[in-house]
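Engineer: Respectively, the protein sequence lines represent chains L and Z.
Note that the first sequence covers residues 1 to 85 in the UniProt record's numbering.
Note that the second sequence covers residues 1 to 395 in the UniProt record's numbering.
Calculated from the structure, these hints are not laboratory results.
Worth double-checking, as some hints may not be accurate.
Claimed, not checked - Once the Cα atoms are required to be at most 25 Å apart in a straight line, the calculated DMTMM-like pairs of lysine to aspartate or glutamate come out as:
(1) Z:6 - L:41
(2) L:80 - Z:171
(3) Z:174 - L:57
(4) Z:6 - Z:163
(5) Z:303 - Z:227
(6) L:80 - Z:163
(7) L:44 - Z:348
(8) L:44 - Z:361
(9) Z:198 - L:7
(10) Z:164 - L:57
(11) L:44 - L:25
(12) Z:335 - L:41
(13) Z:6 - L:67
(14) L:82 - Z:128
(15) L:80 - Z:161
(16) Z:363 - L:51
(17) Z:228 - Z:293
(18) L:82 - Z:171
(19) L:80 - Z:128
(20) Z:335 - Z:348
(21) Z:6 - L:73
(22) L:80 - L:7
(23) L:82 - Z:227
(24) L:44 - Z:332
(25) Z:363 - Z:158
(26) L:82 - Z:161
(27) L:44 - Z:8
(28) L:44 - Z:377
(29) Z:363 - Z:161
(30) Z:174 - Z:163
(31) Z:198 - Z:227
(32) Z:299 - Z:377
(33) L:82 - L:57
(34) Z:174 - L:54
(35) Z:198 - L:54
(36) Z:6 - L:31
(37) Z:363 - L:41
(38) Z:164 - L:3
(39) Z:15 - L:41
Everything numeric in this text was worked out from a predicted model, so none of it was measured.
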Amino acid sequence: MSEITLEQITELLCQQLIQFTNNDEVTISSETNLITHLAIDSIKLLNLVMEIEDHFDISVPLNTLVDVLTVQDLANLIYKIKSSQ
Amino acid sequence: MNLLEKLDAAAAARKAQLPEGLSAFGIPIDEAFSATEARIGKRRVLMLGTNNYLGLSFSSECRDAAHEAIDQEGTGTTGSRMANGNYYGHRALEQELAEFYHCRECIVFTTGYQANLGTISGLVGSGDVVLIDGDAHASIYDGCILSGADVIRFRHNDTNDLEKRLRRLGDRSKNTLIIIEGIYSMLGDQAPLAEIVKLKNAYHSTLLLDEAHSLGVLGETGQGLVEKTGMIDEVDFITGTFSKSLCGIGGFCVSRHAQLNQLRYISHPYIFTASPSPATIASTRAALKLLRDGQLLRKQLWKNAQQLYTSLQATGYAVGPQPSPIVAVLLDSPKQALALWNGLMEHDIYVNLVLPPAAPEGKSLIRCSVNAAHTSEQIDRVCQVFTELHTVIMQ
Numbered sequence: 001m002s003e004i005t006l007e008q009i010t011e012l013l014c015q016q017l018i019q020f021t022n023n024d025e026v027t028i029s030s031e032t033n034l035i036t037h038l039a040i041d042s043i044k045l046l047n048l049v050m051e052i053e054d055h056f057d058i059s060v061p062l063n064t065l066v067d068v069l070t071v072q073d074l075a076n077l078i079y080k081i082k083s084s085q
Numbered sequence: 001m002n003l004l005e006k007l008d009a010a011a012a013a014r015k016a017q018l019p020e021g022l023s024a025f026g027i028p029i030d031e032a033f034s035a036t037e038a039r040i041g042k043r044r045v046l047m048l049g050t051n052n053y054l055g056l057s058f059s060s061e062c063r064d065a066a067h068e069a070i071d072q073e074g075t076g077t078t079g080s081r082m083a084n085g086n087y088y089g090h091r092a093l094e095q096e097l098a099e100f101y102h103c104r105e106c107i108v109f110t111t112g113y114q115a116n117l118g119t120i121s122g123l124v125g126s127g128d129v130v131l132i133d134g135d136a137h138a139s140i141y142d143g144c145i146l147s148g149a150d151v152i153r154f155r156h157n158d159t160n161d162l163e164k165r166l167r168r169l170g171d172r173s174k175n176t177l178i179i180i181e182g183i184y185s186m187l188g189d190q191a192p193l194a195e196i197v198k199l200k201n202a203y204h205s206t207l208l209l210d211e212a213h214s215l216g217v218l219g220e221t222g223q224g225l226v227e228k229t230g231m232i233d234e235v236d237f238i239t240g241t242f243s244k245s246l247c248g249i250g251g252f253c254v255s256r257h258a259q260l261n262q263l264r265y266i267s268h269p270y271i272f273t274a275s276p277s278p279a280t281i282a283s284t285r286a287a288l289k290l291l292r293d294g295q296l297l298r299k300q301l302w303k304n305a306q307q308l309y310t311s312l313q314a315t316g317y318a319v320g321p322q323p324s325p326i327v328a329v330l331l332d333s334p335k336q337a338l339a340l341w342n343g344l345m346e347h348d349i350y351v352n353l354v355l356p357p358a359a360p361e362g363k364s365l366i367r368c369s370v371n372a373a374h375t376s377e378q379i380d381r382v383c384q385v386f387t388e389l390h391t392v393i394m395q
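Using the sequences provided together with the hints, build the complete structure.
Structural biologist: Structure (structure tokens):
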């Protein structure tokens with residue numbers, strides 16, 4: 001299986017977030033803050049994590065999310081988990 | 001933003017969500033008259049939002065036991081179980097709970113919240129994994145955080161989703177604690193215990209079942225979901241609370257594993273707190289006997305539950321997935337839920353208002369709970385008021 005790059009994960013994440021926020025007009029980049037820009041509260045973030053887990057076939061422990069603020073932070077975390085598999 | 005400004009911002013956000021709804025939370029109960037009636041302000045209200053499932057809060061046996069304990073042992077122990085707070089009653093209650101569940105070990109905690117905190121943080125630690133149901137209670141989340149283990153959430157009551165997450169863990173599934181609840185506190189639905197037991201065995205994991213809302217409610221003798229499903233020998237750890245069917249305050253963990261006893265030496269929520277007061281222990285011991293022999297109470301409880309659930313469903317309300325003493329009415333917006341809550345209060349009926357993010361799936365809930373002391377006439381009146389309000393609220 002070919003390895004996925006950090007850039008690919010970031011791109012996929014941006015696409016997924018557009019669907020999740022249900023707002024086509026919002027522009028999402030790696031610097032987008034999940035809480036202040038996308039208004040993702042704690043419960044929405046937990047549900048988003050479940051979608052991401054299924055998409056990438058990984059498990060993301062909730063305790064690893066404490067430092068996640070931006071899309072880039074989340075992409076880095078997914079990349080790290082995916083790489084360690 | 002400094003610390004106090006952060007609190008101001010949180011308060012402003014809460015007020016902005018539902019400015020007129022703030023009075024619904026932490027409402028002052030001015031007098032409690034019985035297991036079903038209280039005074040709120042000038043209103044004598046029917047209490048349809050308690051966890052008093054067997055209606056034992058005013059039972060003469062429990063009150064007498066509490067009075068006697070105060071007279072004989074004083075008002076408080078003033079110390080931890082590990083120091084001067086380890087009275088005969090604490091040990092007797094542990095033995096009685098162990099016998100009730102046919103288990104080897106039992107530890108009594110000072111609150112139900114601490115029972116989950118102390119058990120979870122004692123069982124798992126850094127490098128271990130906890131798999132929790134998506135609708136798990138805050139005490140479970142907090143216990144997981146305290147433990148330092150990796151915490152992974154699976155979709156509520158979805159065994160396929162649980163298996164997917166167990167599979168991904170590989171060898172780590174052996175160091176995984178799965179945590180579920182007998183009856184979930186918001187929607188009143190039950191865990192698919194038999195299927196989850198199969199998975200925990202297949203993946204060599206450990207299972208903790210929280211019977212907080214199912215103790216006294218399910219099973220012939222009221223053990224909970226373990227008894228209803230005949231799974232007592234398959235569940236590794238059972239936690240529960242004294243503050244619902246047992247009408248006191250406190251919590252416990254029972255287990256068939258002798259290793260549970262080790263938690264007394266490592267679990268901070270057990271060690272670093274004062275032990276339950278003698279009155280609490282005495283009333284809980286009396287309530288446990290009533291609970292165990294409470295087949296008639298359970299029969300009445302389920303009759304009331306069925307009556308309310310069926311009526312609300314027939315009226316057209318969206319209710320929880322299965323009949324239960326917790327009857328949740330699901331509403332699309334906080335505003336709609338508040339309107340229904342206010343309408344019920346105007347008819348002297350108290351229920352719980354639950355708004356996002358506390359309610360599952362971003363819904364707002366009117367959470368009703370019936371008990372064995374409610375009469376058919378009281379439930380009839382509640383159903384009638386819900387029917388009257390339906391056309392007004394659901395417009």
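Engineer: Which hint numbers does the structure go against, in order from smallest to largest?
Structural biologist: 4, 7, 9, 23 and 28
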